[in-house]
Amino acid sequence: EPEVTQTPSHQVTQMGQEVILRCVPISNHLYFYWYRQILGQKVEFLVSFYNNEISEKSEIFDDQFSVERPDGSNFTLKIRSTKLEDSAMYFCASSVFRYSKEAFFGQGTRLTVV
Amino acid sequence: KNEVEQSPQNLTAQEGEFITINCSYSVGISALHWLQQHPGGGIVSLFMLSSGKKKHGRLIATINIQEKHSSLHITASHPRDSAVYICAVSQETSGSRLTFGEGTQLTVNP
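Protein chains in written order, with the working numbering: chain A, 1 to 114; chain B, 1 to 110.
Accuracy of the hints is not assured; some may be wrong.
Cβ pair distances, simulated, as ranges [what the hints assert, rightly or not]:
hint, chain 1, residue 1, chain 2, residue 2, range
1, B, GLU3, A, ASP62, 18 to 26 Å
2, B, GLU17, A, VAL24, 33 to 41 Å
3, A, SER58, B, GLY42, 20 to 28 Å
4, B, GLN9, A, VAL24, 30 to 38 Å
5, B, THR93, A, GLU1, 27 to 35 Å
6, A, VAL12, B, HIS78, 45 to 53 Å
7, A, GLN64, B, GLU67, 38 to 46 Å
8, A, SER81, B, ARG58, 46 to 54 Å
From chain B, some residues computed to sit far from chain A (all C-beta separations above 12 Å) [said to hold, decoys possible]:
hint, residue
9, SER7
10, THR12
11, ALA13
12, GLN14
13, GLY16
14, ALA31
15, SER71
16, HIS78
17, ARG80
18, SER82
19, ARG97
BS3-like mimics (lysine-lysine), calculated; alpha carbons at most 27 Å apart, straight line [what the hints assert, rightly or not]:
hint, chain 1, residue 1, chain 2, residue 2
20, A, LYS42, B, LYS53
21, A, LYS57, B, LYS68
22, A, LYS57, A, LYS78
Hints in this document: simulated from the structure, not taken from any laboratory. Every residue, glycine too, gets a C-beta built ideally from N, C-alpha and C.
Isolated chain A, as found in the complex:
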């Protein structure tokens, strides 16, 4: 069964460092998403991406965040200068169409900023 793949599963980084979280969405999907879940809190939307540009972003997604689809398969989330409060589980998701309603999630990357 096709699945969304995220790497790494766990990343530890020092405050102020840049991190790149990687995702390989399902191959025929066109819409891509990043969500975040701080420990003990609910999952929050960060950004959606379609046709090589951001289609929607939340207030969390400030200038230190960026997304990119550098080739035909990967979808990345970059955090430019990490803060302690960026520690969270980051989920990538993809869907076939914007209004297909069903999104498929990766297993998540646990980011720990120390």
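Since chain A is already given, all that's left is putting chain B on it; use the hints.
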């Protein structure tokens, strides 16, 4: 006020019990999702509903659009059902971007 509210927050049951988790929402939706999150953190989609009822094995999900309410039922619960169950909605204006509830931590004891 959260756009998606779940109850209860925590639920402990004995193996074999019938379980119900509730979800209420305050926005217009195009679909409602029930998701399962295991201790390792990964999220798995269980159901996507826009009306009526769906069943998969021992899991049943229902939605009442007029009342803006959905329920997830687990029949003959088992310890392996222990997980966080999350209700999330696709809002009418936001495509498939999801808005999540806080989740319900279910523990099923043998």
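Hints, verified against the model:
{"no.": "1", "hint": "GLU3/B x ASP62/A: 18 to 26 Å", "result": "22 Å, holds"}
{"no.": "2", "hint": "GLU17/B x VAL24/A: 33 to 41 Å", "result": "40 Å, holds"}
{"no.": "3", "hint": "SER58/A x GLY42/B: 20 to 28 Å", "result": "22 Å, holds"}
{"no.": "4", "hint": "GLN9/B x VAL24/A: 30 to 38 Å", "result": "34 Å, holds"}
{"no.": "5", "hint": "THR93/B x GLU1/A: 27 to 35 Å", "result": "31 Å, holds"}
{"no.": "6", "hint": "VAL12/A x HIS78/B: 45 to 53 Å", "result": "35 Å, violated"}
{"no.": "7", "hint": "GLN64/A x GLU67/B: 38 to 46 Å", "result": "41 Å, holds"}
{"no.": "8", "hint": "SER81/A x ARG58/B: 46 to 54 Å", "result": "47 Å, holds"}
{"no.": "9", "hint": "SER7", "result": "14 Å, holds"}
{"no.": "10", "hint": "THR12", "result": "19 Å, holds"}
{"no.": "11", "hint": "ALA13", "result": "22 Å, holds"}
{"no.": "12", "hint": "GLN14", "result": "26 Å, holds"}
{"no.": "13", "hint": "GLY16", "result": "30 Å, holds"}
{"no.": "14", "hint": "ALA31", "result": "4 Å, violated"}
{"no.": "15", "hint": "SER71", "result": "19 Å, holds"}
{"no.": "16", "hint": "HIS78", "result": "23 Å, holds"}
{"no.": "17", "hint": "ARG80", "result": "18 Å, holds"}
{"no.": "18", "hint": "SER82", "result": "18 Å, holds"}
{"no.": "19", "hint": "ARG97", "result": "5 Å, violated"}
{"no.": "20", "hint": "LYS42/A x LYS53/B", "result": "25 Å, holds"}
{"no.": "21", "hint": "LYS57/A x LYS68/B", "result": "26 Å, holds"}
{"no.": "22", "hint": "LYS57/A x LYS78/A", "result": "14 Å, holds"}
Violated hints for the displayed structure, listed by number in ascending order: 6, 14 and 19.
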